[in-house]
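Novice: In the working numbering, the protein residues as written are 1 to 125.
Because the hints were derived from the structure by calculation, they are not lab data.
Certain hints may be false.
[To be verified] In silico DSS-like cross-links for lysine-lysine, where the CA-CA straight-line distance does not exceed 27 Å:
(1) LYS119 - LYS52
(2) LYS119 - LYS56
(3) LYS52 - LYS110
(4) LYS23 - LYS82
(5) LYS110 - LYS23
(6) LYS52 - LYS23
(7) LYS82 - LYS52
(8) LYS56 - LYS110
(9) LYS82 - LYS119
(10) LYS82 - LYS30
Predicted model only: the values in this text are computed from it and were never measured.
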Amino acid sequence: VVEEDIDALNHVNNLQYLRWTLKTASAHSKHVGWPAERYRALGAGWIVRSHKITYKVPALLNDDILIRTRVTGFDRFSSVRKYTILRTAGTTVCATAETRWVFVDFETLKLTEIPDEVKAAFGFE
């Protein structure tokens, strides 16, 4: 946690948690073989439908943060990704989060079916 992450109450600003989840989702997607460039080549990819964050213990300046994420399943057009945001010292859970992502055609922004090859990369058939 750096100074820019801190709000008037001397803990991490709520928006920073959201930024962390989005960054973590992108990194995980890249790790399983789906970086942003591959979605662009496909002409379709993920946009956020909704976020839910539950704050447990504030993260503070100089805390080292670890974010764990997993995709919990797919339906025809969407998936749910869950996150656990922890202080690495003592593994204190600072927050949990959940994002519903929808798969859209980048040109029309209309929902499109999630390809099987995308589902397979995240461990779902």
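Novice: Decide, hint by hint, whether the structure agrees.
Specialist: How the hints compare with the structure:
Simply put, LYS119 and LYS52 have alpha-carbon atoms about 23 Å apart, close enough for the 27 Å limit, and the pair holds. The suggested pairing of LYS119 with LYS56 is violated, with an alpha-carbon distance near 31 Å, which exceeds 27 Å. Between LYS52 and LYS110 the alpha-carbon distance is near 23 Å, which keeps this suggested pair within the 27 Å criterion. Straight-line distance between C-alpha atoms of LYS23 and LYS82 comes to about 13 Å, which keeps the hinted pair within the 27 Å bound.
Simply put, LYS110 and LYS23 have alpha-carbon atoms about 24 Å apart, close enough for the 27 Å limit, and the pair holds. Taken as a hint, the LYS52 and LYS23 pair is honoured in the structure, with Cα atoms around 16 Å apart against an allowance of 27 Å. Restraint check for LYS82 and LYS52: satisfied, since their Cα atoms lie roughly 10 Å apart, inside the 27 Å limit. Using a Cα cut-off of 27 Å, the hinted pair LYS56 and LYS110 is violated, with the two alpha carbons roughly 36 Å apart.
At most 27 Å may separate the alpha-carbon atoms for a hinted pair to count; LYS82 and LYS119 meet this at roughly 16 Å. Between LYS82 and LYS30 the CA atoms are separated by roughly 17 Å; this keeps the pair inside 27 Å, and the hint holds.
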